[in-house]
Amino acid sequence: MKELRLMKGNEAVAEAAIRAGCDGYFGYPITPQSEVMEYLMYQEPHKTTGMVVLQAESEVAAINMVYGGASCGKRVMTSSSSPGISLKQEGISYIAGAELPCLIVNVVRGGPGLGTIQPAQSDYFQSTKGGGHGDYRLLVLAPASVQEMADFAGLGFELAFKYRNPVLILSDGVIGQMMEKVELQPHQPRFTKEEIKANTPWATYGKTDDRGRNIITSLDLDSHKQEKHVTHLAEKYQAMEENEVRYEEFQTEDAEYLIVAYGSSARISQKAVDIARAKGIKVGLLRPITLFPFPKKPLAKLATQVKGILSVEMSLGQMVEDVKLAVECKIKVEHFGRYGGIIPTPDEVVAALEQKIIGG
Amino acid sequence: MSEITKEQIRQPENLVYTKTKLLTDKALSYCPGCGHGTAHRIVMEVIEELNAQSETIGIAPVGCSVLAYEFMNIDMQQAAHGRAPALATAVKRLMPEKLVFTYQGDGDLAAIGTAETIHACNRGENITIIFINNGIYGMTGGQMAPTTLPNMKASTCPYGRDVVTMGNPLKMTELVAQLPGVRYVTRQSVHTPGNVRKTKKAIRKAFDMQKENKGLTFVEIVSNCNSGWKMTPIQSNKWMEENMFPFYPLGDIKVDGQLVK
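As they're listed, the protein sequences go chains A and B. Quick note on this note's numbering: the first sequence kicks off at 1 and runs consecutively. Quick note on this note's numbering: the second sequence kicks off at 1 and runs consecutively.
Incorrect hints may have been included.
Unchecked claim - Reference listing, derived: stretches of chain B covered by chain A, where coverage requires no fewer than 3 residues with Cβ under 8 angstroms from a Cβ of chain A:
| # | region |
| --- | --- |
| 1 | 47–56 |
| 2 | 78–85 |
| 3 | 89–97 |
Everything labelled a hint here was simulated from the structure, so no lab data went into it. Heads up, the beta-carbon is just placed ideally off N, CA and C, and yes, glycines get one too.
Model the full assembly from the supplied sequences, consistent with the hints where possible.
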């Protein structure tokens, strides 16, 4: 039976996490994502599923609690917004290095610094190119609706365990705060002790006589071994590029021009496509759903069809670099964005398309 | 009289000590004379006595004991610098039936990990913190620690710690003892056989209390760093008795939730 609710994006990801069999949430309040932990505390899932919800003393502590929990083979998560995600970067690097599965939600606000509490997409570089130190990647999912905020909780955990890698839901203040209808998935039980033993034999749940001790670490003082380890990570990221690219195309069949946008910018751009089409401009939209791995191949294919691409982001232009790389600069690629917490209108997007791509 | 061979000596009836199976056979990476090896041994001996190998998760810090997991034959996690109490918090909350401890040095626990330590203590997490205080950053080569004594020399205070510009040493153990969630706090040492026995007893008490869900237990071990202090092991133990103990007096600070007067 379908279970439909009207929810905020922040509430949807929290409810979906409980239903996905999440074992633990560790967070610290920050606008515009505080509803995630508020919702979880109100629901008291420890009374129903046994899920632990803990307000940590800092984002640094929260991400390290995630490290501790993930090391035990548990489904654990944290959420925050931009400045808080910056604080988590140390922990994220360790988690990636130690190959631990976990879910991280970033409800992005404008930066740099304390910036603003209004929505932005200016954490694209941090999310897709590293953020913390060392050679690593996160698998980055970019929801464009409250429904996807809910869907990506379960998908995020699934991918995190598939690759033993942190998965980041890169949302923004629009998706986190707006209310939409959302269809919730049925409850999935938390892992049993037997499942943890079988599915995550590397986890630290206490050394038994039938195996050697399990160690979770990101340290190897032998550089040759460390190089081998990083090569192994690279192979994982390569596998993600081959298997996990997700994207959506909208009115691209006959498109002469293309807009590339993710998250709330994609919602705005979809409306912009309708307005432009009504004016006779044949434009389509490609919405990357995974930002890493980035949909390079579909973009390269569309580059043989369209005359120019406009990358629409709520930033100074970050994803636009990946768009240029994907099409190998063979066609014109321009950026349009509002930033610092300002959300572009569909009309502004159409105007930018006309000026920068069609007329430019 | 014929000479006694090694084989003759190594008879079961002559055996007075065997290494616990909860220590691996890997040679310790600690400097000769350092207290870490003894501290490792007694922690593992207590876990063996409790028959708790399969129930124990240890958290290693960053510092000299970063490689504790190479020597302790139990499941372990290696934390980022200072974050061990945060890891332990999650491990214990998610698996309350397990025995969870952190093993941390003074830089890890009392400088970079101050927030994680104080808040885990304040929440009364049902974990045990083993705190090795040798007043210096050993692994990075003898820099000033939060616990370095006034006027004590270190590589980043080569003329001695000037408390006016560098601050006073931080007594984290006395500090956390004030928090209601912390139920047992003691300060011990491992520089003589008698002290080793006392410290082992303290660790046993801490783990026993954890098994009874009594709240956070905290065992400080004042130790030496002969390399960092630029002394021989014997000199360093003497120096520790004469200088560290007056500032960091040994003994129980809080027992069963009550501060010791």
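Here is how each hint holds up against the structure:
Given as covered by chain A, the region 47–56 of chain B passes the check, having 4 residues with a CB less than 8 angstroms from a CB of that chain where 3 are the minimum. Figure legend: the region 78–85 of chain B, annotated as covered by chain A; annotation consistent (4 residues with Cβ-Cβ distances under 8 angstroms, at least 3 required). Figure legend: the region 89–97 of chain B, annotated as covered by chain A; annotation consistent (6 residues with Cβ-Cβ distances under 8 angstroms, at least 3 required).
Violation of the numbered hints given earlier is absent; every hint is satisfied by the structure.
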